[in-house]
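**Student:** So you can see what is in the structure, the chains are spelled out below.
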Amino acid sequence: MGKRRGRPWERSLLCVIKALQGHQVLVELQNDLYIRGLLDDCDDAMNVTIKDASLEDVEGNMRKLPLIFVRGSNIRFVHIPDSVNVSDAVEEMRLLQDQVALAYTKPQGGPSIKSAQTSGESSVVEDS
Amino acid sequence: MGCHSSYWDCRGSLRMEKRGCEQKEQSDSLLPSKEAKEVDHIQARIIVFDSTGVDCAADHEPDSTSGSIDFFSADFNPLKALSTKDLAPPNPRVRPLDNLSACRRILPKEVPESIINAPAKAPRSAESILAQERAKAHKSNLLKKAVERERQTKILDKIAEKAKEGPIGLLAECYQKKSKVKVWTRHTHGVRGTLTGFIIAFDKHLNLVLRDIDEEYSVRRWVPRLVRRRGRSCKNQQVEEDLHRQPSLHASVQLPEGTSQSVDSKTDGDNEIDDLTSQMKELRIFPKLEHRRRHLKQVFLRGDSVIIIQKLS
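Protein sequence lines, in the order shown, are assigned to chains A and B.
Note that the UniProt record's numbering has the first sequence beginning at 1, numbered continuously upward.
Note that the UniProt record's numbering has the second sequence beginning at 1, numbered continuously upward.
Hints listed in this document are in silico derivations from the structure and should not be mistaken for laboratory results.
Beta carbons are placed, not taken as given, at the ideal position from N, Cα and C, and that holds for glycine.
Please note: incorrect hints may appear among the correct ones.
Said to hold, decoys possible - Derived list of chain B stretches under chain A, where covered just means 3 residues or more per stretch with a C-beta under 8 Å from a C-beta of chain A:
id, stretch
1, 202–209
2, 292–303
What the hints assert, rightly or not - Partial list, derived from the structure: chain B residues whose beta carbon lies under 8 Å from chain A:
id, residue
3, 218
4, 219
5, 221
As the list claims (entries may be wrong) - Label-pair ranges, simulated between beta-carbon atoms:
id, chain 1, residue 1, chain 2, residue 2, range
6, B, 177, A, 84, 17 to 25 Å
7, A, 69, B, 222, 20 to 28 Å
8, A, 97, B, 311, 49 to 57 Å
9, A, 102, B, 289, 48 to 56 Å
10, B, 143, A, 84, 28 to 36 Å
11, B, 312, A, 95, 12 to 20 Å
12, B, 289, A, 54, 23 to 31 Å
13, A, 47, B, 188, 16 to 24 Å
14, B, 134, A, 69, 26 to 34 Å
15, A, 102, B, 101, 43 to 51 Å
16, A, 44, B, 166, 34 to 42 Å
17, A, 44, B, 131, 45 to 53 Å
18, B, 191, A, 59, 17 to 25 Å
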C-alpha cells in the first residue's frame, strides 16, 4: 500500500545520517578531503550541510568554513562519535518524527489532550 | 373528480385505506404513527401488491373476475379493481408509504402483519456480548501489536526482510551473527584498501555501519621528486619531509615502505657540482600511493565505495 510505506529515509541507512543531525561528525570524502563540523541537515540523496566546518586535505592544509554543502555521492565515510549508539539514535529520531507528524496533522496537537498529558509530552497543545 | 391518482406506483408500494368518510378531519395525509391508536377504532383494509401486480395475500383470488371492487369489502379483488376502468380509490389524495415496514408500524394489532405482533427481538445473551467485547479487544490488541512491531524493528526489518534471499542474504547473516567482516573499498583508480570490523547496520545499497574497525588503506598523493632526465629517480631531503608529514586529521600511521629511503647528502662540493651537471635533475610531480593503517571505533561507509565484503570465520 502506498500509504504504509513510511518515510523515504527510513527505507535505507539514510536514517542513520538523519539521526546524526546535530552531532559533531567527521565526513571523509571520496577525494580524501576531511570535513569536521556539526552535521546540520541531510536529505534523501545523502546531500549534507555542515556548520562551522574545518576542511582538511591530504596534504594537511586546513580551512575553516562556516557552512558547507556536500553532495551525497562524494561522501565515502561518516565517522560517528563513539558515544552514539546507532540503533538507539535511529529509534529516537523515529519517535520524534512521529510526534512531529501528529502535532502537525491533528488539531490541538494530538489525538487527545489526555493522552498527550499522560505520555508526558511538552505542551504542544494550545487552546486557540 | 376528473383525476384519480393511480393507486399504486411502479414499486408496488403499500397503500393503506381507511374508512375516511366518517372522519371529520379531511386530512389528506395518512395518520402519523403517533395517532395510530385511533386506527384501532377504524376498520383498516390493506391492499398489498408486489411489482408484478400479483396479489401477495394468500386469500385473495388471483384472477380479475371474482370478488368485488368495493375497497372496503372483505372480498376486495385488487386485480379486478386495477383492470376496471375509471375506478378511483376512496381517498385518491392519500400519501403513499415508502415500504412495508412503514405500513406495519401504523397497523392496528388486530391485523396479523402489524409490527405490534412481531416477535420481540431476543435480547442479546451475556455470552454474545462478552464474545463481542473479546473480539473488539482482540482486534485493538492486534492493531497495537502491529504498530509496536512496526516501531520495534527498524533497521532490522529493512534489512532482514528485504535481504533474506540472494547474495545480500550473506550480509544479513553476518549482521545477525555479528561476525567479523572484511570490506574491500575502492577509490577512483582501483582498490583503496580493506576495513575489518563488525556490521552494525547495512542496507541494499551496501551502506554499512561498522564498529571496531581496523582499516588498511592507500592514499594517492602527488609528490614532487627530483628526477634525472634519463628517468632514474633520485631522492631529495626536501622531498623526504613532504613524504613523512602526516595531516592532523588523518591520524594514521604510515606503514614502513619496502624500500628504504636513504638521504644522500653530498657534502662534497665537487661531487655535487658534478652530479648537477651530469645528471640534470628536475623537479617533477609523481603520483604516489601511500599505505596507511588506522583504528576506528564507529563508521558509516557509503555503499558505492564497497567492492567486496568478505566474511571472516
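**Student:** If a hint holds in the structure, say so; if it doesn't, say that too.
**Tutor:** Verification of the hints:
Only when three residues or more bring their CB closer than 8 Å to a CB of chain A does the claim for the stretch 202–209 of chain B stand; here the count is 7, and the claim holds. Look at the stretch 292–303 of chain B against chain A: 7 of its residues bring a Cβ nearer than 8 Å to a Cβ of that chain, three or more, so the hint holds. Taking 8 Å as the C-beta cut-off, the interface hint given for residue 218 of chain B is violated, the closest approach to chain A being about 10 Å. With its C-beta approaching chain A no nearer than about 6 Å, residue 219 of chain B sits inside the 8 Å limit, and its interface hint holds.
Satisfaction of the interface hint for residue 221 of chain B is found here, the shortest Cβ-Cβ separation to chain A being roughly 6 Å, below the 8 Å cut-off. The supplied range of 17 to 25 Å is met by residue 177 of chain B and residue 84 of chain A, whose beta-carbon atoms lie about 23 Å from each other. The given range of 20 to 28 Å is respected by residue 69 of chain A and residue 222 of chain B, whose C-beta atoms sit roughly 26 Å from each other. Range check, residue 97 of chain A to residue 311 of chain B: about 34 Å between beta-carbon atoms, so the 49 to 57 Å window is missed.
Take residue 102 of chain A and residue 289 of chain B: their Cβ atoms lie about 54 Å apart, and the range 48 to 56 Å holds. At about 33 Å, the beta-carbon gap between residue 143 of chain B and residue 84 of chain A stays in the expected band of 28 to 36 Å. Between residue 312 of chain B and residue 95 of chain A the beta carbon distance is about 36 Å. The supplied range of 12 to 20 Å is therefore violated. Range check, residue 289 of chain B to residue 54 of chain A: Cβ separation about 26 Å, and the 23 to 31 Å hint holds.
Taking 16 to 24 Å as the suggested C-beta distance range, the pair residue 47 of chain A and residue 188 of chain B conforms, at roughly 20 Å. Look at residue 134 of chain B against residue 69 of chain A: about 57 Å separates their beta carbons, and that is not inside 26 to 34 Å. Look at residue 102 of chain A against residue 101 of chain B: about 45 Å separates their beta carbons, and that is inside 43 to 51 Å. At about 25 Å, the beta-carbon gap between residue 44 of chain A and residue 166 of chain B misses the expected band of 34 to 42 Å.
The supplied range of 45 to 53 Å is met by residue 44 of chain A and residue 131 of chain B, whose beta-carbon atoms lie about 48 Å from each other. Our hint of 17 to 25 Å for residue 191 of chain B and residue 59 of chain A holds, since their Cβ atoms are close to 22 Å apart.
Of the hints listed earlier, those the structure fails to meet are numbers 3, 8, 11, 14 and 16, in rising order.
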